Amino acid sequence: MSELDEFKATYFEECSELLGDLEEEFAAIEEGDRDTERLNAVFRAIHSIKGGAGAFGFNQLVEFAHSFETLLDFVRDGRVELTDDVVTLCIRSIDLVADFVGAARDGEELASDFGEEELARFKLLSGEDEEEPMEEFDIDFTPVMVNVGDDDGELPAVPTSDINDETLAGEDENDSFEQAPLAEGHRYWKVDFTPHYELYERANDPLLLFRELGTLGEVEVKAHLVKTPKLKEFDPFGIYCKWEIVLRNEDVSKEDIAEVFEFVEGDCELSISQVMAEADIDSDLVGFEEDMAPEAQTLETQPDQQQELQQELQQDLQHKAEEEAADESMLSLADLAAEIEPAPAPPVREENLVEENKPEQEKAKKAAAKAPAVQSIRVDLDKVDRVVNMVGELVITQSMLNQQMDDKIKAQYQELVRGVEVLAQTTRGLQDAVMAIRAQPVKSVFSRMPRLVRELAKKTDKKIRLEMVGEYTEIDKTIIEQLSDPLTHMIRNSADHGVETPEKRLAAGKSETGTIQLSAEQAGGNIIIAVEDDGAGINRERVLNLARERGVVGPDQQLSDEQIDELVFAPGFSTADGVSDISGRGVGMDVVISNIKKIGGSVHVRSKPGKGTRMILRLPLTLAVLDVMLVEAGDGPYVIPLSSIVETMQCDRADFGFAPSGRRVLQIRGEYVQVIDLVTRFEMTTKVPDNKRFVVLCEGEGSTKVALIVDEIIGQQQVVIKSLEENFERIDGIAGGTILGNGEVALIVDVAGLKQTPEQQSAA
Amino acid sequence: MRVLTVDDSPTILSMLDHALKEAGFEVVQAEDGQKGLDAMKEGEFDVVITDINMPVMDGIEFIKNVRASKANQSLPILILTTESSQEKRDQGRAAGGTGWIVKPFDPAKLISVIHRVVY
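Chains as they are written, first to last, in numbering that gives the first Met the number 0: chain F, 0 to 763; chain S, 0 to 118.
Bound conformation, chain F alone (with noise of 0.2 Å):
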């Protein structure tokens, strides 16, 4: 991963979780509360991704989040009042930036009208001119003109030399230069600059300065010491200099010189002027001054005036030198360094901040009780991913250890025993512990789905309520991202056909509003998340016909109740009506639920007539430990996933038949099902009878079914996956490999690829 899509990664990461935030927050708006820290928070998030979306140039969230940054904060500061259709407009935007966040990472272009109306609204309500530019990702630095002259009258900051009788012969120079550039000798940059007090306040560095324009040409630093006291009464926070800079290069602009002041616009007067020089100036002073003639001299100076400062600056010059022979005007850039080195606020850093600041200190404090008092940190996913791990390997080894110890060892070995004991019991807990580092709590999925219900409600006109039960139930980071569109289909099929509407209700004897439970539990080594309402139920004779309508059922195919209701996963069932204009992708239920089996999931569904449906998702704890049922198969271990398999049975008590292709299949409760034998599909030999040998009746893509044939069933396990791309390549039907406490490694099969081989497809 290059750098940038390292940065890209994190901003996309940032992004979901501000998403997940701003729905939350409206959510929460939306009911009512109006409480000025929820308005902070969502003017920041979006702001935040505008932010970063200006870093990685994608130009059309920049714009769109602008102008929805701005709307939010007239509407923080009151200039715009949140009435619901405003808070329908950002709910909706929302979802617009989630489209452009989206469309970024995906490296697509939208449409370059996409959300045009939202825009024209943000525009109309903050009363945005359309064609005024987004100012903020320029330096809007102006250069200020501003007067040599000092009008405090404390500081007589008039310099010795540019004010003289030339002023006015300097001008006409000026203005003979400005029409015949370049005809006459050489120019040079004259800036004249004095601090103010404040300059040192933000810690600005008139040396810095200097330093800074010393990068743009040669410059010469001549620092007027006016008023420099006696050395008793000297101030070291006192401002007792102004500076005159020479800059001898022809090529730099004035903005150029400006933008090195920049920060000190306003803490300072300072004047940028071009000169004139007839001949190059050398480092004498009296020559260079006489030279002078500054384009933007804006100071009038009555002569008389001139002549009291001169001479009062010259008494000055007259005691320093006395006091300190400092009488030298001109420094170089080091000696200056040197000389004002002692005088601004130097940095005395020993003093502990917590001394200093108590009621900031208290202030501070309160913040952070307000705030939640969980600490964290970021760390890249694939740190903790090495953790999980290496932690696999320990479990492993440790299991490994373990089988080795027969009762002879035991007995010699107690201590070792002992040992063994306390490391198995140490691996489980860092096991635990590890797997809590990924675990994240299922709200941020829950979080979304109150605007579903509300959306579906008034889409369907329904009166619809949505309860969540043990939204900090916390499973696995990965499967987390997996559940969005699974949920967004359970809740859609029970909005949709769960839930009846309000005159049916009534006419049940129900009340008018439905219910929709969307809960959360971990069971044992499994999360359980289920949707439940209190609707009509199934109604399992549509089902059905539509299913033999659209070959899904065969005409004479007797099902169960349970079969049927199940048929509601099935593919080219509910491609229909199930593909949802909610999640907008087009995706029907059968690939989300094929999706969730791929991690290791499943899915029910229990439904009972008039009172309602249950659909039930069963996710594994966590991705990389497996739930198996380990088999034996030619001349090797295989692991087949438990969350697939229907069943077991003998051989010789499985009814085999053959298609009319000539393939051998299965025929169980009325339905045939495809058989492959292991061993053949993949190349291997048995010795096994095949009367001795075992079906393992799994569950592939979309609730079809496959009977597997193997030699042997050994038992149920945990395992570590490995990814097998990673350390060998892929193989159609094997979905990776784990290594067993014995230290033999055994395949995991893919029973949904197994099925996907083109041996397969032509026997199809």
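Because the hints were derived from the structure by calculation, they are not lab data.
Keep in mind that the hints are not guaranteed to be accurate.
Said to hold, decoys possible - With a straight-line Cα cutoff of 27 Å, these simulated DSS-like cross-link-like pairs (lysine-lysine) come out:
1) S:Lys69 with F:Lys229
2) F:Lys231 with S:Lys69
3) S:Lys20 with F:Lys7
These numbers come from a predicted model, not from an experiment.
Chain F is fixed; fit chain S onto it per the hints.
Frame of chain F; chain S shown alone:
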């Protein structure tokens, strides 16, 4: 040279981190003003870069807190800004901000701005 970066956006923090480390700075990150102050208790910094809009303690409050300590009076503080209205930037300066960096920044510009305020 040690830099304290204070921003609630992990994207910005990681971009700053990369650019600064590339230039040889040592970087400490904080997610809001309060965490920034905490970090300053732990160690000394040569320059601080802070966002303005942050939860818990915003950048303005943070700068005021830093400047309130005599020990930090000459510590350069750079404000990260995208504000079009200049209002926030001015508030940041009034609170004691030394200069500012306009987001989105390019790494070279970032480093050059730092060199303008640090010896």
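Comparing the hints with the structure gives:
For the proposed pair Lys69 of chain S and Lys229 of chain F, the alpha carbon gap of about 26 Å is at most 27 Å, so the pair holds. Restraint check: the Cα-Cα separation between Lys231 of chain F and Lys69 of chain S comes to about 23 Å, which is no more than 27 Å; the hinted pair holds. Taking the CA atoms of Lys20 of chain S and Lys7 of chain F, the gap is near 18 Å; set against the 27 Å cutoff, the hint holds.
Violated hints are absent here; each numbered hint is respected by the structure.
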